[in-house]
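Asker: Whole structure, please, built from the sequences with the hints as guidance.
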Amino acid sequence: MKRLYNSPDTVVSEALEGIALTHPELLRVAHDPTYLARVDAPVAGRVAVVSGGGSGHEPMHVGFVGPGMLSAACPGELFTSPTADQVEAAVRAVDAGAGTVLVVKNYSGDVMNFEMAAELLAADGVATETVLVADDVAVEDSTYTSGRRGVGATVLVEKVCGAAAERGDSLAQVAELGRRVCARSRSLGFALSAGTVPATGRRSFELPDDEIEFGVGIHGEPGRERRPMQPVDALVDRAMAAICADFGADELAGDVLLFVTGLGSATPLECSIVARRAVQDLDRRGLRVARNLVGSYMTSLDMLGVSLTVLVLDEQLAELWDAPVRTAALRWGR
Amino acid sequence: MKRLYNSPDTVVSEALEGIALTHPELLRVAHDPTYLARVDAPVAGRVAVVSGGGSGHEPMHVGFVGPGMLSAACPGELFTSPTADQVEAAVRAVDAGAGTVLVVKNYSGDVMNFEMAAELLAADGVATETVLVADDVAVEDSTYTSGRRGVGATVLVEKVCGAAAERGDSLAQVAELGRRVCARSRSLGFALSAGTVPATGRRSFELPDDEIEFGVGIHGEPGRERRPMQPVDALVDRAMAAICADFGADELAGDVLLFVTGLGSATPLECSIVARRAVQDLDRRGLRVARNLVGSYMTSLDMLGVSLTVLVLDEQLAELWDAPVRTAALRWGR
Amino acid sequence: MADRLSATDLTAVFADFQRAVERDRDLLTELDTAVGDGDHGTNLDRGMRAAVEALAAIPQDTPGGVFNLVGRRLVSTVGGASGALYGTAFLRAARAAGAAEALDAATCTAVLRDATTGIAERGKCATGDKTMYDVWMAASTAAAAAAGDGLPALLAAASTAAGAAEQEMVPWQARRGRASYLGERSKDHRDPGAVSSRLLFGCFAAWADA
Amino acid sequence: MADRLSATDLTAVFADFQRAVERDRDLLTELDTAVGDGDHGTNLDRGMRAAVEALAAIPQDTPGGVFNLVGRRLVSTVGGASGALYGTAFLRAARAAGAAEALDAATCTAVLRDATTGIAERGKCATGDKTMYDVWMAASTAAAAAAGDGLPALLAAASTAAGAAEQEMVPWQARRGRASYLGERSKDHRDPGAVSSRLLFGCFAAWADA
Ligand SMILES: Nc1ncnc2c1ncn2[C@@H]1O[C@H](COP(=O)(O)OP(=O)(O)O)[C@@H](O)[C@H]1O
Ligand SMILES: Nc1ncnc2c1ncn2[C@@H]1O[C@H](COP(=O)(O)OP(=O)(O)O)[C@@H](O)[C@H]1O
Ligand SMILES: [Mg+2]
Ligand SMILES: [Mg+2]
Ligand SMILES: [Mg+2]
Ligand SMILES: [Mg+2]
Numbered sequence: 001m002k003r004l005y006n007s008p009d010t011v012v013s014e015a016l017e018g019i020a021l022t023h024p025e026l027l028r029v030a031h032d033p034t035y036l037a038r039v040d041a042p043v044a045g046r047v048a049v050v051s052g053g054g055s056g057h058e059p060m061h062v063g064f065v066g067p068g069m070l071s072a073a074c075p076g077e078l079f080t081s082p083t084a085d086q087v088e089a090a091v092r093a094v095d096a097g098a099g100t101v102l103v104v105k106n107y108s109g110d111v112m113n114f115e116m117a118a119e120l121l122a123a124d125g126v127a128t129e130t131v132l133v134a135d136d137v138a139v140e141d142s143t144y145t146s147g148r149r150g151v152g153a154t155v156l157v158e159k160v161c162g163a164a165a166e167r168g169d170s171l172a173q174v175a176e177l178g179r180r181v182c183a184r185s186r187s188l189g190f191a192l193s194a195g196t197v198p199a200t201g202r203r204s205f206e207l208p209d210d211e212i213e214f215g216v217g218i219h220g221e222p223g224r225e226r227r228p229m230q231p232v233d234a235l236v237d238r239a240m241a242a243i244c245a246d247f248g249a250d251e252l253a254g255d256v257l258l259f260v261t262g263l264g265s266a267t268p269l270e271c272s273i274v275a276r277r278a279v280q281d282l283d284r285r286g287l288r289v290a291r292n293l294v295g296s297y298m299t300s301l302d303m304l305g306v307s308l309t310v311l312v313l314d315e316q317l318a319e320l321w322d323a324p325v326r327t328a329a330l331r332w333g334r
Numbered sequence: 001m002k003r004l005y006n007s008p009d010t011v012v013s014e015a016l017e018g019i020a021l022t023h024p025e026l027l028r029v030a031h032d033p034t035y036l037a038r039v040d041a042p043v044a045g046r047v048a049v050v051s052g053g054g055s056g057h058e059p060m061h062v063g064f065v066g067p068g069m070l071s072a073a074c075p076g077e078l079f080t081s082p083t084a085d086q087v088e089a090a091v092r093a094v095d096a097g098a099g100t101v102l103v104v105k106n107y108s109g110d111v112m113n114f115e116m117a118a119e120l121l122a123a124d125g126v127a128t129e130t131v132l133v134a135d136d137v138a139v140e141d142s143t144y145t146s147g148r149r150g151v152g153a154t155v156l157v158e159k160v161c162g163a164a165a166e167r168g169d170s171l172a173q174v175a176e177l178g179r180r181v182c183a184r185s186r187s188l189g190f191a192l193s194a195g196t197v198p199a200t201g202r203r204s205f206e207l208p209d210d211e212i213e214f215g216v217g218i219h220g221e222p223g224r225e226r227r228p229m230q231p232v233d234a235l236v237d238r239a240m241a242a243i244c245a246d247f248g249a250d251e252l253a254g255d256v257l258l259f260v261t262g263l264g265s266a267t268p269l270e271c272s273i274v275a276r277r278a279v280q281d282l283d284r285r286g287l288r289v290a291r292n293l294v295g296s297y298m299t300s301l302d303m304l305g306v307s308l309t310v311l312v313l314d315e316q317l318a319e320l321w322d323a324p325v326r327t328a329a330l331r332w333g334r
Numbered sequence: 001m002a003d004r005l006s007a008t009d010l011t012a013v014f015a016d017f018q019r020a021v022e023r024d025r026d027l028l029t030e031l032d033t034a035v036g037d038g039d040h041g042t043n044l045d046r047g048m049r050a051a052v053e054a055l056a057a058i059p060q061d062t063p064g065g066v067f068n069l070v071g072r073r074l075v076s077t078v079g080g081a082s083g084a085l086y087g088t089a090f091l092r093a094a095r096a097a098g099a100a101e102a103l104d105a106a107t108c109t110a111v112l113r114d115a116t117t118g119i120a121e122r123g124k125c126a127t128g129d130k131t132m133y134d135v136w137m138a139a140s141t142a143a144a145a146a147a148g149d150g151l152p153a154l155l156a157a158a159s160t161a162a163g164a165a166e167q168e169m170v171p172w173q174a175r176r177g178r179a180s181y182l183g184e185r186s187k188d189h190r191d192p193g194a195v196s197s198r199l200l201f202g203c204f205a206a207w208a209d210a
Numbered sequence: 001m002a003d004r005l006s007a008t009d010l011t012a013v014f015a016d017f018q019r020a021v022e023r024d025r026d027l028l029t030e031l032d033t034a035v036g037d038g039d040h041g042t043n044l045d046r047g048m049r050a051a052v053e054a055l056a057a058i059p060q061d062t063p064g065g066v067f068n069l070v071g072r073r074l075v076s077t078v079g080g081a082s083g084a085l086y087g088t089a090f091l092r093a094a095r096a097a098g099a100a101e102a103l104d105a106a107t108c109t110a111v112l113r114d115a116t117t118g119i120a121e122r123g124k125c126a127t128g129d130k131t132m133y134d135v136w137m138a139a140s141t142a143a144a145a146a147a148g149d150g151l152p153a154l155l156a157a158a159s160t161a162a163g164a165a166e167q168e169m170v171p172w173q174a175r176r177g178r179a180s181y182l183g184e185r186s187k188d189h190r191d192p193g194a195v196s197s198r199l200l201f202g203c204f205a206a207w208a209d210a
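Chains as they are written, first to last, in full-length UniProt numbering: chain S, 1 to 334; chain F, 1 to 334; chain Y, 1 to 210; chain P, 1 to 210.
Honestly, the hints are just simulated from the structure, not real lab data.
In this text, all values refer to a predicted model and were calculated from it rather than measured experimentally.
Do not rely on the hints blindly, as some may be mistaken.
[As the list claims (entries may be wrong)] Short derived list, chain P residues pointing at chain S, Cβ under 10 Å:
#1 GLU30
#2 THR33
#3 VAL35
#4 VAL78
#5 GLY80
#6 ALA81
#7 ALA102
#8 ALA105
#9 GLY123
#10 THR127
#11 LYS187
[As the list claims (entries may be wrong)] Here are the simulated lysine-lysine pairs, DSBU-like style, with alpha carbons at most 35 Å apart:
#12 LYS124(Y) <-> LYS187(Y)
#13 LYS2(S) <-> LYS187(P)
#14 LYS2(S) <-> LYS2(F)
#15 LYS124(P) <-> LYS2(F)
#16 LYS187(P) <-> LYS124(P)
#17 LYS187(Y) <-> LYS2(F)
#18 LYS124(Y) <-> LYS2(S)
All C-beta atoms in this analysis are idealised placements derived from N, C-alpha and C, irrespective of residue type, glycine included.
Answerer: Put into structure tokens, the structure is as follows:
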């Protein structure tokens with residue numbers, strides 16, 4: 001399969017070079033270990049917010065580094081969580097003495113590497129708080145799994161924590177707000193085809209023409225269920241039903257934020273068609289879609305699919321969502 | 001081929017519904033004839049800027065409606081230019097008496113339909129000025145063609161005209177600035193695979209595994225030349241060489257704006273890799289990439305490819321580029 | 001003998017054209033996929049459906065009225081190059097037909113000439129550019145030459161010339177429209193607009209022949 | 001007889017493991033594609049290359065030094081679950097090996113036990129979860145039982161138990177790591193980390209056997 005690469009081995013490093021070359025006013029890239037950091041970090045008196053994960057999900061996380069969102073991001077190899085070294089170096093580069101919130105998606109590899117980094121940093125007196133994102137209702141949260149995966153809510157947590165840090169909240173407050181977003185978010189994704197892995201040139205799983213993966217992961221891993229292909233409205237209905245059913249009886253009320261992200265090859269037309277149905281669905285449930293974000297913000301290489309996230313807002317979360325942000329991929333208010 | 005649609009016939013209308021539902025504070029959608037307009041239009045004392053074209057290129061143009069950019073956009077059927085009716089109705093809805101600039105990509109259908117609309121409007125005393133975008137160096141500009149196609153520069157023209165209109169420039173001034181962007185821009189695109197046409201479920205052209213379309217169009221039409229596949233750097237070098245060679249001897253100097261747009265399925269990783277090489281290339285030519293825009297802003301359904309645009313800046317164009325803009329797809333400064 | 005074309009006749013011809021376009025929609029789209037953007041069949045099909053619906057809803061008394069309504073519906077519903085071109089052609093035809101109750105050979109010649117000129121002006125095209133204009137020009141010229149032989153002969157001559165022109169231009173290189181972007185690669189392809197135009201003239205000839 | 005494992009010996013074992021991973025990289029990646037994200041082969045290959053390079057650049061005097069360097073390089077270069085798990089295992093092994101010049105059967109048993117515990121702690125996993133931990137636990141238990149029979153027998157027993165465990169768990173359902181997301185669908189697949197761990201114990205046994 002043809003792609004716009006020079007070599008599978010240089011995909012990540014060349015892309016990071018490109019990001020650095022096109023955003024010199026915003027961020028800088030460090031190598032060995034690799035991380036991207038705000039040019040103006042550490043910001044005196046402010047809590048730092050650091051995230052990271054495997055590459056292949058762009059613009060998450062590298063596109064979210066900047067004032068009002070992440071202080072630094074640690075991009076691992078493709079679909080491979082960053083090393084503990086990367087996380088440690090990134091935190092050391094941006095921590096201003098007020099501590100650092102680590103936004104970690106709940107995948108074994110991410111959890112373990114961030115944990116190792118946190119241990120090393122703690123031993124050296126650098127305070128960190130971890131916000132573990134585990135919003136994917138496709139995965140049963142039981143002792144029989146590693147727990148729910150972190151997906152779309154990650155972007156929301158990063159925005160809210162970044163805004164809280166920017167206004168001067170304490171380490172404990174920023175972490176609490178991040179955990180509040182986690183507690184009030186649920187997500188689900190589905191895919192019509194998997195992404196193409198650069199190293200092999202093949203799709204990470206193959207689907208027949210009349211089937212889809214429901215509850216798909218964003219790391220090329222298959223979903224929990226293979227289902228017949230249906231018109232997109234029916235797929236959105238099914239996803240929304242699963243998301244809404246997962247909230248506690250009285251948790252789902254009032255204003256919500258709807259986040260629709262294309263997973264790679266979904267066109268803006270397709271994302272809008274999905275958003276249309278999702279808004280209508282929430283409307284019918286008596287909820288008000290007070291905020292929304294629609295586009296390809298968390299991807300899985302060139303996977304054809306979407307992921308839907310519902311976050312139940314409160315006043316504070318809405319305010320932090322609206323706060324100015326300036327990153328490569330998300331920007332408003334400045 | 002599976003896609004996230006309900007039916008090929010409703011792709012455009014449902015997507016527009018989705019856009020309207022998710023951006024009520026920004027724009028409204030009119031039907032029969034169809035157009036999207038700024039909620040606050042007509043804006044008293046300001047020139048209006050209207051564009052349009054076939055659908056399938058999102059976020060262009062519908063994602064660029066809002067303060068600082070387009071007053072209205074007329075989305076045609078997929079890859080089909082809008083009707084004269086649509087253009088006429090859109091202009092009537094947003095014209096504030098100060099006249100309207102029509103940003104038209106140089107395709108026979110677009111040119112003729114906008115021209116018919118302009119004739120009808122003129123007969124009714126509504127003043128329009130047309131800015132014809134024809135920046136695609138893949139097409140020879142001779143009596144043997146309909147002239148160069150309008151591609152990436154369209155986005156830049158819309159931004160600059162929108163900013164000029166916002167600050168209160170006259171109809172003639174806004175049009176002059178748009179034409180200045182046209183005169184100082186050159187573009188070229190290439191594709192590794194064509195987009196999938198909803199009606200047929202097939203790619204609009206098929207490429208063998210070791211070939212690409214060089215100088216490809218954005219309407220599913222093949223390019224001018226079929227070439228062997230190469231690593232992306234070699235393709236970018238070839239595109240940049242063609243773009244730069246097309247400028248007059250002393251036209252290409254000083255500060256430039258580089259615009260890299262994915263054509264649909266190019267991942268952010270791939271766009272960044274392309275941008276990296278293009279920046280390096282311009283650097284080697286002694287030019288300064290003073291501004292850049294990298295992402296999928298003008299697409300061709302799910303085509304896998306990119307289009308590169310170079311605009312030679314002057315102080316005024318840079319200032320208008322930097323001016324605040326608030327649209328669904330492009331936003332800064334507010 | 002069908003020596004005069006009434007509003008009812010013209011309405012029937014357009015209904016026939018609509019069916020022809022619907023039948024050959026995929027062919028037209030396929031031809032446009034090879035040299036353009038693959039929408040000519042769906043474009044014209046959408047437009048002619050709307051036109052025929054409008055004619056049923058608002059029956060017209062004069063051929064000029066029919067041309068006008070069809071032209072306006074095409075302009076409103078098609079978009080693309082063909083929407084503007086067919087729309088302009090029929091609107092010009094309406095003007096040339098004026099308020100006449102029916103069209104004889106002489107009026108028909110004038111109608112066709114003005115419609116053809118409308119295409120040239122709208123498309124900024126000339127003969128040899130390998131567009132639908134070549135077909136209209138051939139039909140118009142043949143019609144003018146046959147004007148003295150009565151309406152059926154005129155329409156038969158126009159249709160024959162249209163068919164011949166559409167064939168003749170296949171090896172040419174396109175110089176207008178999307179196909180022109182292909183340069184040399186546009187050679188040896190049939191032009192979609194020329195094919196649909198040929199279908200139109202075929203419908204007129206079939207009416208005269210019936 | 002290879003009754004004690006020196007720094008040189010251990011360096012050779014890791015070099016052998018690096019070659020084994022390189023050879024079976026595509027197999028490991030393929031297994032991980034079926035139940036995970038398809039990177040286990042490339043991950044471990046990248047890490048072991050870096051580890052072997054480091055051992056060549058900074059030769060170590062003690063087995064503890066070798067374990068430490070390998071563990072640190074894995075932590076720095078692999079990422080993912082396996083980077084943290086193998087890294088933690090070898091760093092714990094280094095601590096257990098201490099400053100000893102060479103490892104005898106008793107120390108080896110302790111080294112293996114501590115490394116295995118490290119995996120459990122880092123991975124928050126238990127036996128039966130169908131991860132590499134099951135293989136390490138089986139190897140560690142077998143090694144402890146064979147500790148009285150000398151180092152070669154110990155390593156042979158560990159390798160045999162590792163192989164048996166890797167086979168035995170194939171029908172199980174995964175409860176940790178990415179494979180756990182598949183639920184029932186993770187059954188009847190080989191666990192990539194279990195397979196690479198089995199390769200590692202095979203390399204130790206091959207050294208003892210040579
Ligand atoms: N400038 C032009 N002058 C005359 N005819 C043209 C011109 N441009 C296009 N055409 C005709 O229009 C046809 C294409 O129509 P269609 O596919 O519906 O529109 P579009 O090219 O906008 O997709 C071509 O086959 C050609 O005959
Ligand atoms: N929580 C865990 N506890 C123990 N082993 C685990 C755990 N998670 C993953 N593993 C092991 O790691 C292997 C996968 O490694 P690798 O593919 O390199 O990392 P990743 O899963 O991050 O892509 C699995 O086959 C499994 O043996
Ligand atoms: Mg991985
Ligand atoms: Mg078209
Ligand atoms: Mg066409
Ligand atoms: Mg893996």
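Asker: Against this structure, judge whether each hint is valid.
Answerer: Against the structure, the hints come out as follows:
1. Satisfaction of the interface hint for GLU30(P) is found here, the shortest Cβ-Cβ separation to chain S being roughly 9 Å, below the 10 Å cut-off.
2. A hinted interface residue such as THR33(P) counts as satisfied when its beta carbon comes closer than 10 Å to some beta carbon of chain S; here the least separation is about 6 Å, so the hint holds.
3. A distance limit of 10 Å between C-beta atoms decides the matter here; for VAL35(P) the minimum to chain S is near 8 Å, and the interface restraint holds.
4. Because the beta carbon of VAL78(P) sits about 7 Å from the nearest beta carbon in chain S, less than 10 Å, this interface hint is met.
5. With a least beta-carbon distance of about 4 Å to chain S, the hint placing GLY80(P) at the interface is held under the 10 Å criterion.
6. About 4 Å separates the beta-carbon of ALA81(P) from the nearest beta-carbon of chain S, less than 10 Å, and the hint is met.
7. A distance limit of 10 Å between C-beta atoms decides the matter here; for ALA102(P) the minimum to chain S is near 29 Å, and the interface restraint is violated.
8. Here the hint on ALA105(P) is broken, as its CB sits about 31 Å from the closest CB of chain S, past 10 Å.
9. Of the supplied interface hints, the one on GLY123(P) holds, with its beta-carbon coming within about 7 Å of a beta-carbon of chain S, less than 10 Å.
10. With 10 Å as the threshold, the beta carbon of THR127(P) stays out of range of chain S, its nearest partner Cβ sitting at about 14 Å, so the hint is violated.
11. Taken as an interface hint, LYS187(P) does not check out: its beta carbon lies about 12 Å from the nearest beta carbon of chain S, beyond 10 Å.
12. For the suggested pair LYS124(Y) and LYS187(Y), the alpha carbons sit about 21 Å apart, so the restraint of at most 35 Å is met.
13. Straight-line distance between C-alpha atoms of LYS2(S) and LYS187(P) comes to about 33 Å, which keeps the hinted pair within the 35 Å bound.
14. The suggested pairing of LYS2(S) with LYS2(F) holds, with an alpha-carbon distance near 20 Å, which does not exceed 35 Å.
15. As the CA atoms of LYS124(P) and LYS2(F) are separated by approximately 40 Å, the hinted pair breaks the 35 Å bound.
16. The straight-line distance between the Cα atoms of LYS187(P) and LYS124(P) is roughly 21 Å, inside the 35 Å bound, and the hint therefore holds.
17. Simply put, LYS187(Y) and LYS2(F) have alpha-carbon atoms about 34 Å apart, close enough for the 35 Å limit, and the pair holds.
18. For the hint pairing LYS124(Y) with LYS2(S), the CA-to-CA distance comes to about 40 Å; that exceeds 35 Å, so the pair is violated.
Checked against the numbered hints above, the structure breaks hints 7, 8, 10, 11, 15, 18 and satisfies the rest.
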